[in-house]
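A.B. asks: Chains A and B are the protein sequences, given in the same order. So in my numbering, spot 592 of the first sequence is number 592, and the numbers just go up one at a time. So in my numbering, spot 234 of the second sequence is number 234, and the numbers just go up one at a time.
Be a bit skeptical, because a hint or two may be false.
Mimicking PhoX-like on lysine-lysine, the simulated pairs with C-alpha atoms at most 25 Å apart in a straight line are [claimed, not checked]: (1) A:LYS164 <-> B:LYS41; (2) A:LYS164 <-> A:LYS182; (3) B:LYS115 <-> A:LYS39; (4) A:LYS39 <-> A:LYS203.
Read the hints as simulated data drawn from the structure, not as lab findings. Computed from a predicted structure; not experimentally measured.
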Amino acid sequence: MVGHLNKDNIHTLEFDALIVGGGGSGMRTSLELAKSGLKTAVVSKVFPTRSHTVSAQGGITCAIQSADPHDDWRWHMFDTVKGSDYIGDQDAIEYMCSEGPKAVFELEHMGLPFSRFENGRIYQRPFGGQSKDFGNGGQASRTCAAADRTGHALLHTLYQNNVKEGANFLNEWFAVDLVKNKFNEITGVIAFSIESGEVAYLKSRATVLATGGAGRIYASTTNALINTGDGLGMSLRAGFPAQDMEMWQFHPTGIHGAGSLVTEGCRGEGGYLINADGERFMERYAPNAKDLAGRDVVARSMVLEILEGRGCGPNKDHVLLKLDHLGEEILNAKLPGICELSKTFAGVDPVYKPIPVVPTCHYMMGGTPTNIHGQAFSSENEVDNEIPGLFSVGEAACVSVHGANRLGGNSLLDLVVFGRAAGLHINEDLKSGGGVEEANIDDIESALYRLNKLNESNSGFEVAEVKRELQEVMQNFFGVFRRGEYMEKGVKALEEIRDKCDNLHLHDKSDSFNTNRVEALELQNLLEVAEATAISSLKRNESRGAHARDDFPERDDENWLCHSLYDPTKKDLRKRQVNFQPNTMEAFPPKVRAY
Amino acid sequence: MIEVNIYRYNPETDRFPYMQKFNFEMPDRDIMVLELLNSLKESDPTISYRRSCREGVCGSDGMSINGKNGLACITPVSEVTKGNKLELRPLPGLPVVRDLVVDMTEFYAQYEKIKPFLQNDTPSPNQERLQSPSDRDKLDGLYECILCACCSTSCPSFWWNPDKFVGPAALLQAYRFIADTRDTRTEERLDSLSDPFSVYRCHGIMNCVSVCPKGLNPNKAIGEIKSMLLTNRRHEAEIIASDGGGRS
Ligand SMILES: Cc1cc2nc3c(=O)[nH]c(=O)nc-3n(C[C@H](O)[C@H](O)[C@H](O)COP(=O)(O)OP(=O)(O)OC[C@H]3O[C@@H](n4cnc5c(N)ncnc54)[C@H](O)[C@@H]3O)c2cc1C
Ligand code: SF4
Ligand code: SF4
Ligand code: FES
Chain A
1 MVGHLNKDNI
11 HTLEFDALIV
21 GGGGSGMRTS
31 LELAKSGLKT
41 AVVSKVFPTR
51 SHTVSAQGGI
61 TCAIQSADPH
71 DDWRWHMFDT
81 VKGSDYIGDQ
91 DAIEYMCSEG
101 PKAVFELEHM
111 GLPFSRFENG
121 RIYQRPFGGQ
131 SKDFGNGGQA
141 SRTCAAADRT
151 GHALLHTLYQ
161 NNVKEGANFL
171 NEWFAVDLVK
181 NKFNEITGVI
191 AFSIESGEVA
201 YLKSRATVLA
211 TGGAGRIYAS
221 TTNALINTGD
231 GLGMSLRAGF
241 PAQDMEMWQF
251 HPTGIHGAGS
261 LVTEGCRGEG
271 GYLINADGER
281 FMERYAPNAK
291 DLAGRDVVAR
301 SMVLEILEGR
311 GCGPNKDHVL
321 LKLDHLGEEI
331 LNAKLPGICE
341 LSKTFAGVDP
351 VYKPIPVVPT
361 CHYMMGGTPT
371 NIHGQAFSSE
381 NEVDNEIPGL
391 FSVGEAACVS
401 VHGANRLGGN
411 SLLDLVVFGR
421 AAGLHINEDL
431 KSGGGVEEAN
441 IDDIESALYR
451 LNKLNESNSG
461 FEVAEVKREL
471 QEVMQNFFGV
481 FRRGEYMEKG
491 VKALEEIRDK
501 CDNLHLHDKS
511 DSFNTNRVEA
521 LELQNLLEVA
531 EATAISSLKR
541 NESRGAHARD
551 DFPERDDENW
561 LCHSLYDPTK
571 KDLRKRQVNF
581 QPNTMEAFPP
591 KVRAY
Chain B
1 MIEVNIYRYN
11 PETDRFPYMQ
21 KFNFEMPDRD
31 IMVLELLNSL
41 KESDPTISYR
51 RSCREGVCGS
61 DGMSINGKNG
71 LACITPVSEV
81 TKGNKLELRP
91 LPGLPVVRDL
101 VVDMTEFYAQ
111 YEKIKPFLQN
121 DTPSPNQERL
131 QSPSDRDKLD
141 GLYECILCAC
151 CSTSCPSFWW
161 NPDKFVGPAA
171 LLQAYRFIAD
181 TRDTRTEERL
191 DSLSDPFSVY
201 RCHGIMNCVS
211 VCPKGLNPNK
221 AIGEIKSMLL
231 TNRRHEAEII
241 ASDGGGRS
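With the hints as extra help, turn the sequences into a complete structure.
C.D. replies: Quick look at the structure:
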């Protein structure tokens, strides 16, 4: 990367379709395209099986009628709509829940080693927020599992099948920014090989952002270190909106201190939470569903227990997840990975002692708004305008099936259902001549701006320090409970952090495996996502799903039964209608959400 | 205070690799080797290593820790420091890209060679293929591999013949598909391993077993493959004998 980079001193590689991200969603998309004969590549900053999907534990939720032959995808749809606190799009949820069984069976045919019931069918376990008969028939068991390593099994299976289909990978390549032409179309990305430092314009007729979540905007998170919201950072910098960014899921059971997740499957298998008095406190907050209420509900109950002085440990700052009553045999058979993690990171063997846990940032419900084909859009005056050339799938996207609160096991389903849908759509679109116009020299230079600026920096702020500052602001002002006056301080603090992010000092200018450069670019993405989160949270004046405000404790359907659309060019929020028009049934109307 | 020695090599500036010494003040709690590296990187941002999940499931940060391969993120510093010293080197036997980062091309090539995907020649049913819990149990201890390469890079046979000896990690995966009752290409898979190198270069040195951070046992899987190859051969020999050597 010597000297100032411009169009003439970097390579151009041309593709029909480019997928940025080799996690579950990106690889499901690429699998569809690899079979199509189009020239496709998956760009991933890590070898695909090191993507965050590998960490998913509990399973993939889907009405495959194995645990219960009478299960119905409509019940799953009802649960998902209710879980979303009614701002999930019902047409998209309908599509996901009804197409789900096909997608799960496909995974099984590809070789995914699901756990099994005695009759040989796929094992399903209960998860939070699941019901039979539209909430009237008690707890359902709908989460298909491969022990407590479902994400690992899923990601490896998808990689294996991509190998089988001869998919093309650019592994350990880092995508820097989108290239946008004067028609506001996306013509590809600027990216570089982490190993060699070679910079290239990856030109493509379709660009899919499958870059996953951004949990690293918080100091404490269950997310991998690489979850820095790069795709969203790129699209926000390109001036495109992000939807529902105030909606961050805090998972009830992150290991106290380390942040590593212990799956909700623990409670599904019969584990429960206790406070310092040994009380099973969820019985008070959610008399019916108890420990298997929605995640937002359980997380808030835990924080209240701690605030009211019933937390455990010397600092009374966590509660305990009790599993020992399940017995060693069940724990080893159903939750082997959890036993391992708990011993390593909490120093506790759950066979004998409960695990110390706290609500921990886990999942980004918001993201780039898309339709069910993965097509990204911006929206003005109630009209959605497709962004030619730009698609998004997985946690980076907001299609929106999770609304204000995601149900456990619904993300993995989202990845494979919409990954497949996007692949099918892009294939058809490109084969019928779809595509975009050329980008010019200036368009490409703009996308090289960050890289050039960092490479030419001689002084400035330290990446590690600024990152820590950002994470603390988010943790302190935009956590489980939020309040306007504090959030205003947070937004101000982020403005200062933005200045620092614009003036980072890159110490290491070398080309080969320069992780200093990668981390600096990632930090700038974290900032974009953090700011979108902060401003969206400040402006949604109500409490809904994961967004809980002290100063507006009630849900306000009159004003806020809508998506929020953050506009990075104005740093402002617009409202967008939620879809209440599923194709095959009546919509589920908003109701009070009780568990 | 502990002394940490890290293998450093940047091909652009260093003619030869060298060991760099850092003094590290341990916090009052035990930490993992990865956390220690992250702290050192804050003061010297040029130290390079891979990491992602920080909880032992992605397989990014295999390295040689005081002489033994392991994952930095789940190796507690207290358990591995010897005489207040900790030495971190890249996984042995593979070319070094920079510092603790090795070139894994050869390792992945062996993985791809064993056709690491389910092959079933019967038409897919409308639902899942059935598999009994006991048949599914046969995959335990096999499918959990995270491709960290700790095993293969501790295996002398792999060092000498990384292009011909498939190595413990990929052989474990070869057996994962042989053992899967849903896979119909067992014979073909065995045939492709029957040359003198692919499997037979394993001499049961067992390094692979002692380093695997997921507690898997590639040596056992290799043993299973060898014995299946033997039975297969014997089986073939019997057929040849019974029809007088003429095969149709
Ligand atoms: C600990 C944990 C457990 C979970 N368990 C479950 C569960 O049981 N069930 C469930 O449904 N959900 C679960 N989830 C959620 C689910 O795992 C994630 O939402 C999902 O895996 C995200 O997949 P993805 O394909 O969108 O992205 P990821 O798997 O995160 O992949 C992102 C990809 O993008 C690439 N990338 C990112 N930035 C760049 C860049 N700049 N350049 C190039 N490449 C880039 C990365 O290399 C990676 O390949 C869990 C989440 C966590 C944190
Ligand atoms: S047992 Fe075989 S594969 Fe394992 S280290 Fe020894 S020679 Fe290598
Ligand atoms: S068998 Fe174990 S050591 Fe070898 S690659 Fe797999 S997980 Fe790593
Ligand atoms: S960082 Fe994933 S295994 Fe260590």
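A.B. asks: Does each hint fit the structure? Answer for all of them.
C.D. replies: Each hint tested on the structure:
Restraint check for A:LYS164 and B:LYS41: not satisfied, since their Cα atoms lie roughly 38 Å apart, outside the 25 Å limit. About 39 Å separates the Cα atoms of A:LYS164 and A:LYS182, which puts this hinted pair outside 25 Å; it is violated. Distance check on the hinted pair: B:LYS115 and A:LYS39 sit about 23 Å apart at the alpha-carbon level, within 25 Å; holds. Between A:LYS39 and A:LYS203, the direct Cα distance comes to roughly 11 Å. Compliance with the 25 Å bound is thereby established for this hinted pair.
In summary, the structure is inconsistent with hints 1 and 2 from the numbered list given earlier, while agreeing with the others.
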